[in-house]
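Colleague: The lines below spell out each chain.
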Amino acid sequence: MKQKDLILYASLITLGLAAPFIFPAFKVQLTILCILIVLAMTWNLQGGEMGYNSFGNILFYGLGMYLCASIQVGMFFPLAEWTESGGEKTFEHTTTQFFQGMGFGLLVAAVIPTIVAGLIGYSILGLRGHYFAICTLGLGIAAGEIAGGIEIIGAGQGFTTPPFPKDIVDPEARGEFFYFLSFVLLILTFIFVKWIYGSRFKLILNAIRDNEDKAEAMGIQTMKYKIVGWMVSAFFCGLAGGIMGGLIGYIDSTDVAFDGREMGVFMVLMAILGGKGTLWGPVIGATLFHFLKEGFWTFILGWQYVALGILIVVIVIYFPEGLMGWLREKYPNRFGEVIDEKDRKAQVELK
Amino acid sequence: MDFLIFQAPILIVQASLDGILLGILFALIAYGMALQWGVMNIINIAQGDLVILGGYIAYSMYLAGIHPGWGVIVSPIVMFFVGWGLYKLVINKVVDRDLFISILATFGIAIVFQQLMNFIFGADVVVAQSEYGTTMLFDNSVTLPNSKIFSAFISLLYAVVLVIYMKKSKLGRAIRATAQNARAAKILGVDTEKVYAATFGINAALCGVAGALIAITFTLHPYVGLPYTVRSFMIVIVAGLGNLPAVAISGMGLGVFEEFADYILGTEFRIGSVFMLLVFILVYRRFKLSRKREYLK
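Chains as they are written, first to last, in my numbering: chain A, 1 to 351; chain B, 1 to 297.
No wet-lab data here; the hints were simulated from the structure. Everything numeric in this text was worked out from a predicted model, so none of it was measured. Hints are all accurate, no fakes.
If you want the ones that stay clear, here's a sample from chain A, every Cβ over 12 Å from chain B, calculated:
#	residue
1	Gln3
2	Met75
3	Tyr197
4	Phe335
Restraint ranges, calculated between C-beta atoms of paired labels, are given here:
#	chain 1	residue 1	chain 2	residue 2	range
5	A	Arg128	B	Thr219	30 to 38 Å
6	B	Lys168	A	Arg128	36 to 44 Å
7	B	Thr219	A	Glu329	43 to 51 Å
8	A	Lys330	B	Phe119	35 to 43 Å
9	A	Asn333	B	Phe119	44 to 52 Å
10	B	Leu157	A	Trp280	50 to 58 Å
11	A	Glu216	B	Lys168	41 to 49 Å
Ideal placement from N, C-alpha and C gives every residue a C-beta, glycine not left out.
Excised from the complex, chain A in its bound form:
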């Protein structure tokens, strides 16, 4: 690793560790930012690198959220009673129970969505292009509608996740706990994605994006890699969902967990805004998007969705390559691309 990179990463980690103490009022926002970056990065892995534009990663996110909360409650108390009658009033988690449940819940929230992705991957990933996009959109929304009809996880009235243990008196503790949990997840995701970017796996994903038939003809078992790519996304989406459920404290089937109309589209948008198919693009895109979104929600409350919709249209139409793509176009040398002037002129003339 070069010295410049080392300084960059060290300063970013320091900033991340210090952030909740520098801006104590924005702890929740910072936590959500970490989660958004994780979602955008993992979406980018298959949307940007593999070329399979999914609206359905929300399925794993919501699944993780429900699983984590259900395990956390179900390990110690009867789940049905909890969801039926506001169980947080009658049952109380002790400190150990809370953290044990959270830990085990997150484990399950990571593993089960990954398995689900592996199971449905063979069927769904056989679709290509916009059929895949629409199919996953349907999958995410169907999951929300179905979860809204299942009694044991609270059906339409929602599911209150276990409140933070009362024994810990420090009022800042809850925010700090969730912040550092999501920050650790962010770092793990970043390391993993960076590792993938240096591996053969990424090249295979790119080959699938650029021309799947040719990749197959070259002897790559594309289906295997596509499924693995989706499972990676599902793993991190599930974890992110589990943490988010605990942070929000309340799970609704269509508005919080399987929020395909919002979160499901946001992750696509964040990756596009920053630049699909780059390591840093989703990180920058998610940060920028979070700022914009919170700005809308604060300053033009009431019109925030209108502004958001217009933002989506503008991003998609005018910046389909995103910020990184724009920079790449402008300063190709900094991205290690060498342009042959003669060749470029010939290309222009051909057009």
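Fit chain B to the supplied structure of chain A, relying on the hints for placement.
Modeller: Quick look at chain B alone, frame taken from chain A:
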């Protein structure tokens, strides 16, 4: 799960008739979708929201004291211009580009439409009372609201008029020529830009008719657009682009499926079952095609 429907055969008749009448309406929306998909190669996620907007136009006529039945004439006229404006504003920039871009861009439009409708008409579930009465069949054991029969009749009428228009008129020929080969049409003097705008306008007008009929027969709510989009998408992928009889039949099939799902699984799973059916149809087609080493594209 509730299998009451299989114990009482009369319910099967009821559900089937309801489903068929509903399905004709879906087919009308799907025809608009097929039109724009075939001609302009875009997938419009805001389709359902155009439908709901058309419905609200009929509803506001009802509030003003005019019979909402007239909405089937006023709504398409208004919606044609809405569609035209939408094309000039946004859609003309996504034609000829990746389909995914059109999906996302129209998703943004859908969000804007939903929110604006929420501001203007409120977030309540509303219905425009047509007071057409009901028809009783089979010794009063099957009830059919006349408004549903009216809606099916009007949908068929519009579909037939549109088919004749597309076959005979100059613009219709231009649209079909552009769908076949946009470049050749341009060389032969067709103003494709205008054709695209007209196509999107006609699609929006069809949505307007369907919306006005939905306002009479069902309920309106600003956020229920997406299921209509998905239904029309589903009908189009089953029936193919530009095959009108197939569109009508698969529309009716979908309507019947929905009514049966409603009876058997319960109303809370109705929308969920529509979305699941979409997934199943796509996966089924994928496996069928993969035997020949082909794929949906």
